[in-house]
Amino acid sequence: MSSLQELLPDIYFIPGSTNVGVISIDTRGTRTIYLIDSGGSTDAGAHIYEELENFFGKNKFTLKAVINTHSHADHSGGNDFFVKKTGCGVWMSYLEKGSMENTLIQSSVAWGGYPLPELRTSYYVPSQCSVTRIISGGDKLTLADGKTLSFIPLQGHYFGMLGVECTTKDGKNAVFTGDAIFGRKVISKFSIPFMYNVGEFMKSLDTLCRTEADWYVPSHGDAVTRIQETAEMNKLAVLETIECVVSILTKKTLSAEELLTEVANENEIPLKLPQYVLIGSTLRSYLSYLYETGRITYVIENNKMIWSVKKRNISQ
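Convert by adding 1410 to the 1-based position in the sequence shown; the result is the number in our numbering.
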């Protein structure tokens, strides 16, 4: 029994820790399949392939390509399996290509240097594979059955993430959002998700709210027919983190390392290595955002970078 869930005719997703989109084209008795993301590991890839076989039948489909929303390991960990198993292509944006072909970049960005051995595992570092096609925001591809694939720039979570919109011939559509938005249960549980560029993340939420679709499929969370409420929860999570950082720095000046401890304590987050690294990296992105928008500043003092709320000039 396959777990594929149909959203629209020949447009499915496989629910999991990372949802995987499945676009099917009927080509005279066999099927051509495009996957949107590939799961988080070789084992996940093998499981997805088994799901496809259970649903479409063994030897009844050809996998044309894996389209990665972005290169993070939980979205691209199955790429290598699918390439070796089927010879399929791998598509992603130019800004994501580098960290797919040199996958150590991903944990190096989060750690801020050559990563610890615990951060060089498959959870953070997918198997390397070559990207066969560069896709860009605004690109549009017409498939053999008349469906179209359009690519939506959704930066912020990572370098050059793209949403994938699949539209049927009668105008019905589903948008696979990657990590531009997190499902309501997910954002309630993980209130400080990994984020590379806070300002761009907020803009991408607005982009999704302007994108009309019959279905929206976050990579982490439930598929929904309305995105506005989920987007509002994501915005509130960002604004609450901003307020938390500013409130703490109003009371005392801190280094980024000290701020991480204060934010974790304030939000009752028990920091183990994964949270320490990912939330720590994310908070440095918040510091950059707040610095660029003029709300905080820093000094180098006693060989230490100290952050504080920027004092406002009060006219006499």
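Don't read these hints as lab results, they were simulated from the structure.
All residues carry an ideal CB built from backbone N, CA and C; glycine is no exception.
Mixed in with the good hints there might be a few duds.
Unchecked claim - Result set (PhoX-like, lysine-lysine): computed pairs, CA atoms no more than 20 Å apart in a straight line: (1) K1645 <-> K1595; (2) K1495 <-> K1470; (3) K1507 <-> K1474.
What the hints assert, rightly or not - With beta-carbon atoms standing in for the labels, derived distance ranges: (4) S1657 <-> E1702: 16 to 22 Å; (5) E1678 <-> V1656: 16 to 22 Å; (6) Y1686 <-> E1639: 30 to 36 Å; (7) E1460 <-> L1514: 26 to 32 Å; (8) S1657 <-> T1440: 55 to 61 Å.
- Query: Holds or violated: 55 to 61 Å for the Cβ distance of S1657 and T1440?
  - Reply: 59 Å Cβ-Cβ, so the 55 to 61 Å window holds.
- Item | K1645 paired with K1595 [C-alpha distance capped at 20 Å] | holds, 14 Å
- Message: Holds or violated: K1507 and K1474, Cα atoms, limit 20 Å.
- Response: holds, 19 Å
- Message: Against the range 16 to 22 Å, how does the distance between the Cβ atoms of E1678 and V1656 compare: consistent or not?
- Response: holds, 19 Å
- S1657 paired with E1702, Cβ distance criterion 16 to 22 Å: holds, 19 Å
- Take a look at whether the Cβ-Cβ distance between E1460 and L1514 falls inside 26 to 32 Å. This hint holds: roughly 30 Å between Cβ atoms.
- Query: Under the criterion that the straight-line Cα-Cα distance not exceed 20 Å, is the pair K1495, K1470 satisfied?
  - Reply: Holds, at roughly 15 Å.
- Task: Go ahead and decide if the range 30 to 36 Å is satisfied by the Cβ distance of Y1686 to E1639.
- Result: Cβ of Y1686 to Cβ of E1639: about 31 Å, so the range 30 to 36 Å holds.
The structure agrees with every numbered hint stated previously.
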